[in-house]
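> What follows is each chain in one-letter form.
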Amino acid sequence: MLPYLLSLPALLVCIAILVPFVTAAVYSLQRYRLNLPYLRGFIGVDNYIDFLSDPAFWNTLRISLTYTALTVVLELLLGLGIALLLRRPTRFHNAVSIVLLLPLMTAPAIAALMWKLMTNPSFGILSYLVSLFGVHDFKWASDPSSALFTVVLVDMWVYTPFIMILLLAGLRSLPRQPFEAAALDGVPSSFVFFRITLPMLAPYIITASLFRLLDSIQQFDIIYAMTQGGPGDRLMVFQVQAYLEFFQYTNVGRSAALLMILWLITNILSNIFIKNWLRLRARAHGHA
Amino acid sequence: MDHSSLAGRIFRGVALALVLAFFMFPIVWIFLMSFQTNEQILRIPPHILFEPTLANYQALISGQLRTAAGNLEISFMRNLINSFALSSAAVFLALLLGVPAAYAFARFKFRLGETIAFTLLSFRFAPPLLVLLPLSLYYQQLGLNDTYFGIVWVYQLIALPLILWIVRGYFEDISPDIEHAYRLAGHTWREAFTRIAVPLAGPGIAAAGLLSFIFCWNNFVFALILASADKQPVTVGALAFVTASGIQYGQIAAAIVLSVTPTLLLALYAQRYLVEGLSLGAVKG
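Those protein sequence lines, which keep their order, are chains X and L. Position 247 of the first sequence, counted from 1, bears residue number 426 in the numbering used here, the numbering being contiguous throughout. Position 243 of the second sequence, counted from 1, bears residue number 245 in the numbering used here, the numbering being contiguous throughout.
FYI, nobody ran anything at the bench for these hints, they're computed from the structure. Since the structure is predicted, the reported quantities are computational estimates derived from the model, not experimental observations. One or more of the hints may lead you astray.
[What the hints assert, rightly or not] Chain L side only, calculated, beta carbon under 7 Å to chain X, not exhaustive:
hint, residue
1, A23
2, F25
3, L137
4, S281
5, G283
[Said to hold, decoys possible] Here are the simulated distance ranges between beta carbons:
hint, chain 1, residue 1, chain 2, residue 2, range
6, X, K454, L, D179, 42 to 48 Å
7, L, V16, X, Y227, 50 to 56 Å
8, L, A23, X, R351, 22 to 28 Å
9, L, L98, X, L218, 31 to 37 Å
10, L, L44, X, K318, 15 to 21 Å
11, X, A461, L, G145, 16 to 22 Å
12, L, P205, X, R374, 36 to 42 Å
Every residue, glycine too, gets a C-beta built ideally from N, C-alpha and C.
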């Protein structure tokens, strides 16, 4: 009886999450506009079918996937590189790794504002710096051709430290013997990296990238604070599009259907993620 | 490895310097900007040396913004107080609900417990708007829209999974034998929980609490949807402030500095636990 009593409050929170979730699923099957309440009715999967012929939906899917792929791959490479640089636990390296956490602890929406100030076309320091290299009138987030680049840069600034800190902890927890043996045998360092370090680090790399993948495909704060999905529909990722469908076009049904599709994508990914994460967790708590 | 070769060391040094420059420069630059007047900010080329002014902070604290169009009332301090109140209340509630549940999940292996733990975990990765948009319609019917309680309640979505999974790990690391011995000496489970288990898991509970506070503070989308101006935290308030104040760049920079300082200080204080917290207890630092 006791365990059930103790977990009762947590169960209530679960229900409070699941009820709106089921509601969203139901909404996604309805024609439901806040401004036209009398038109509300069950329309089956029509909202979903409409997406198939809607270029705006394919744009959203394409932008979301591009954004996710770019941020995860770049952050993984950079984060791994930094973790390797800081691998030896010297006092200086530890200090650097702590300082590098600061961007990660900055609210992403605020980080976007910081970069907005730095990329302001009239006085932004970054606009000035690129002008020194002969690039004048670089418009950063307000130009369709460089908007994606700019938000990816901000995402990298905020989240690369996440990958770095997880991989650094992973690197430092690896057993020493294989590396000592390889050093004794004079094995070339590229061989050590690709055949020993990377395979042993794999569970950490997979967990860190899946964490990022799941958050990145749902990115809202940085993009909304920076451009609200613009210029035009250049950065119209899933959650920004769903937010605008709901509040700007008051189309609850479409918004819910869009979010259900996103949920389906993340749900598949998070099942893979949880398996990996549980394995790591069991290892960390010594009952593998 | 190639720690010793001169070329290798130079390469590492240069690479580290570039990394530090990329990640630290924005924070330093905005910090400097917050002590500059608008004229100083607009100078081209930018000056590293300038006469610092506290005017931006004074304007934010007094709530009076002098613009070309006249005096503008701002309530940024209100946003700061909201952030403190909302995040603290959310963490308090999450600890109250989460620590006993984490204990139950660690000590008693029962089906419902696992189901709850995994439901909360999987919704940590569900799109927040999926839950938030229908919830905002329910809130309107229940009269919870734009109330502090309503916002604190949805912040449980952030804080509870974190506390549940981190603290659970700490409880699992404590041998149940200690509690058994204590119970055999005639104490109730409640005494065993409050006098043995909670103190031993103390560092984990504190770390989970601090991290939850940081994540609640940094959250943007929940309050964007559920809170009106007078209840908004700094993340939403700062964005509204940018729109309202237009070209008062010095004050915007000062507002940014005030918004991020609390979480950055907490993060430095709690850095030992960040790795574990960020991975929900899967990686130990």
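> Looking back at the hints listed earlier, which ones does the structure fail to meet?
1, 6, 9, 11
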